[in-house]
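Asks: Produce the entire structure from the sequences given, and follow the hints as far as they go.
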Amino acid sequence: MKRLRLIVAAALLTLAGPVCAQRPAGLIPAVPSSAPVAASDSGQVFSLTDLLTFVALRHPVARQAGLLPERALQEVRYARGLFDPAATSKYYGKTFGGKEYFHDWDSQLRVPLWFGADLKAGFDRGVGTYVNPESYTSPAGLSYVGLSVPLAQGLLIDERRAAVRQAQALQDLADAERRSALNKLLLQAAKDYWDWSLNYQRLQLLDRNTGLANTRFEAVRQRVVFGDLAAIDSVEALTELQNRQATLAQARVQFRNSTLLLSNYLWNEQNQPLELPAAARPQVLPGPAAWQPLPPDSVAALAELAQRIHPELQKSRAKLNQLGVERRLLSNKLLPKLSVDYNLLQAGQPFSPESPASLSGSYLQNNYKLGVSFAYPLLLRQERAKLQLNRLKLRETELDLQQDTREIQTGVRTVANEWEALREQLRLQEQVVRNAERLRVGEQIRFENGESSVFLINARESTLVSARVKLAELQAKYAQTQATLRWAAGGVE
Numbered sequence: 001m002k003r004l005r006l007i008v009a010a011a012l013l014t015l016a017g018p019v020c021a022q023r024p025a026g027l028i029p030a031v032p033s034s035a036p037v038a039a040s041d042s043g044q045v046f047s048l049t050d051l052l053t054f055v056a057l058r059h060p061v062a063r064q065a066g067l068l069p070e071r072a073l074q075e076v077r078y079a080r081g082l083f084d085p086a087a088t089s090k091y092y093g094k095t096f097g098g099k100e101y102f103h104d105w106d107s108q109l110r111v112p113l114w115f116g117a118d119l120k121a122g123f124d125r126g127v128g129t130y131v132n133p134e135s136y137t138s139p140a141g142l143s144y145v146g147l148s149v150p151l152a153q154g155l156l157i158d159e160r161r162a163a164v165r166q167a168q169a170l171q172d173l174a175d176a177e178r179r180s181a182l183n184k185l186l187l188q189a190a191k192d193y194w195d196w197s198l199n200y201q202r203l204q205l206l207d208r209n210t211g212l213a214n215t216r217f218e219a220v221r222q223r224v225v226f227g228d229l230a231a232i233d234s235v236e237a238l239t240e241l242q243n244r245q246a247t248l249a250q251a252r253v254q255f256r257n258s259t260l261l262l263s264n265y266l267w268n269e270q271n272q273p274l275e276l277p278a279a280a281r282p283q284v285l286p287g288p289a290a291w292q293p294l295p296p297d298s299v300a301a302l303a304e305l306a307q308r309i310h311p312e313l314q315k316s317r318a319k320l321n322q323l324g325v326e327r328r329l330l331s332n333k334l335l336p337k338l339s340v341d342y343n344l345l346q347a348g349q350p351f352s353p354e355s356p357a358s359l360s361g362s363y364l365q366n367n368y369k370l371g372v373s374f375a376y377p378l379l380l381r382q383e384r385a386k387l388q389l390n391r392l393k394l395r396e397t398e399l400d401l402q403q404d405t406r407e408i409q410t411g412v413r414t415v416a417n418e419w420e421a422l423r424e425q426l427r428l429q430e431q432v433v434r435n436a437e438r439l440r441v442g443e444q445i446r447f448e449n450g451e452s453s454v455f456l457i458n459a460r461e462s463t464l465v466s467a468r469v470k471l472a473e474l475q476a477k478y479a480q481t482q483a484t485l486r487w488a489a490g491g492v493e
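Residue numbers (our numbering): 1 to 493.
Fair warning: there could be bad hints in the mix.
[Unchecked claim] Only pairs whose alpha carbons sit at most 25 Å apart, straight line, appear in this in silico SDA-like list of lysine to any residue:
hint : residue 1 : residue 2
1    : LYS369    : ALA140
2    : LYS393    : ASN321
3    : LYS393    : GLN171
4    : LYS191    : GLU473
5    : LYS470    : GLN431
6    : LYS120    : ALA375
7    : LYS393    : LEU156
8    : LYS184    : GLN409
9    : LYS120    : ASP106
10   : LYS90     : VAL127
11   : LYS337    : VAL164
12   : LYS470    : ARG440
13   : LYS393    : ARG406
14   : LYS337    : PHE83
Derived by calculation from the structure, the hints in this document are not laboratory data.
Replies: Pasting the structure below:
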């Protein structure tokens, strides 16, 4: 099952450019790309795909989230630096009163190996009257190659290997955090987009409703002049017109404010904020063709998908991996520190192990430097306390993972239930709109036949527009629920 992805092909288009009608693929049916656009002859459609493309590529939060994987990569590089070979060289000499006391030179190349040992090669030269006998060499110096191996603590795991493993787990954690931040941003952007589309639809409905009231007022006023209607009917028509004009003004403000809110998501490549053009219009709210039921077994499939890819669960798993590496390291700390250091010596430089003399048994037995070190704390209170703290953290994280898993699966089912409930509400509300339209048409016929009043026809129109606005609100909520279901399954990105 492929993860839901954003389509980024429209990223190079300008805000006023044509719409690239594409949508991410997945389990959840979305608004068909063939849906009609918003009714506007003068405006260009700014689709949801366009918005999400701008957000994913240019929004500061999205760009910040994109830095997390690079940061984790540098953490891995930093940890691997603990295995970098190191070359050191030291020289100490003393001359006083024209007398040379000693000259001590020590150069070494140390190469850490993955299994805990250190490979060494170096050259020592210690000469002079008062040189430390331990450091004394012939004037030609002494070269060596050797190996330092831990036999207990540090054999299976040490701080260097633990740092690399934890940094690698941090990469998974950073990717999950990036996806979590981006998914939340995209979900909120989708919700605000459908609020913008709802406000536009409401504005269109109220504008037409106000136009009808104005037409009716002019007609009633003419009939009052000709004596067909009482003067009070013109007052009734005027009052209704003014009420609708006030409601229209409020709807116009709501649409402008939602347009400004949507502009907050728009940035150019130079990190400069953009504004939606005045002619930009949203795509229409999902119509009956998009009110599709969830496919069979899709809820179980989405819950299983969330179990695998949801970023919150991935973050907990990454933390468990880090704590697991730490537990191995702390358990290893309970072992004694026992290491062996062996150096094969040869006079002069450089060391040439390929010479026959260097490989003979007699040479190996008589030209070496051997060291053994042992250390073991008697009570181990610090080590045991750290290990117990790690076990507690592991248990806490496991419990968090269990709780998050349950909440995410419940969230998927909850949103799926809302999906199905909204489909039923939309179907019923569509019937309410049709019935209200029939009542308004019938009342208009009665009014033209002189059997009704301006008050009644205004009431029928108010009921109709309220039903249409309610239908638009349900359509917007349905579209938002689609995005929420993708987010609940961890797959908005």
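Asks: Each hint should be assessed against the structure and marked as holding or not.
Replies: Right, here's what the structure says about each hint:
1. LYS369 <-> ALA140: holds, 18 Å
2. LYS393 <-> ASN321: Satisfied, since the Cα-Cα distance of roughly 12 Å is no more than 25 Å.
3. LYS393 <-> GLN171: Holds: LYS393 and GLN171 sit about 20 Å apart, inside 25 Å.
4. LYS191 <-> GLU473: holds, 12 Å
5. LYS470 <-> GLN431: Distance ~12 Å between LYS470 and GLN431 Cα, so the pair holds.
6. LYS120 <-> ALA375: At roughly 23 Å apart (the allowed maximum being 25 Å), ALA375 and LYS120 satisfy the hint.
7. LYS393 <-> LEU156: Roughly 23 Å between the alpha carbons, so the hint for LYS393 and LEU156 holds.
8. LYS184 <-> GLN409: holds, 17 Å
9. LYS120 <-> ASP106: Holds: LYS120 and ASP106 sit about 13 Å apart, inside 25 Å.
10. LYS90 <-> VAL127: Since the Cα atoms of LYS90 and VAL127 sit roughly 14 Å apart, the hinted pair holds (cutoff 25 Å).
11. LYS337 <-> VAL164: holds, 22 Å
12. LYS470 <-> ARG440: holds, 17 Å
13. LYS393 <-> ARG406: holds, 20 Å
14. LYS337 <-> PHE83: Judged against 25 Å, a Cα distance of about 20 Å means the pair holds.
Figure legend: structure checked against the earlier numbered hints; every hint is met.
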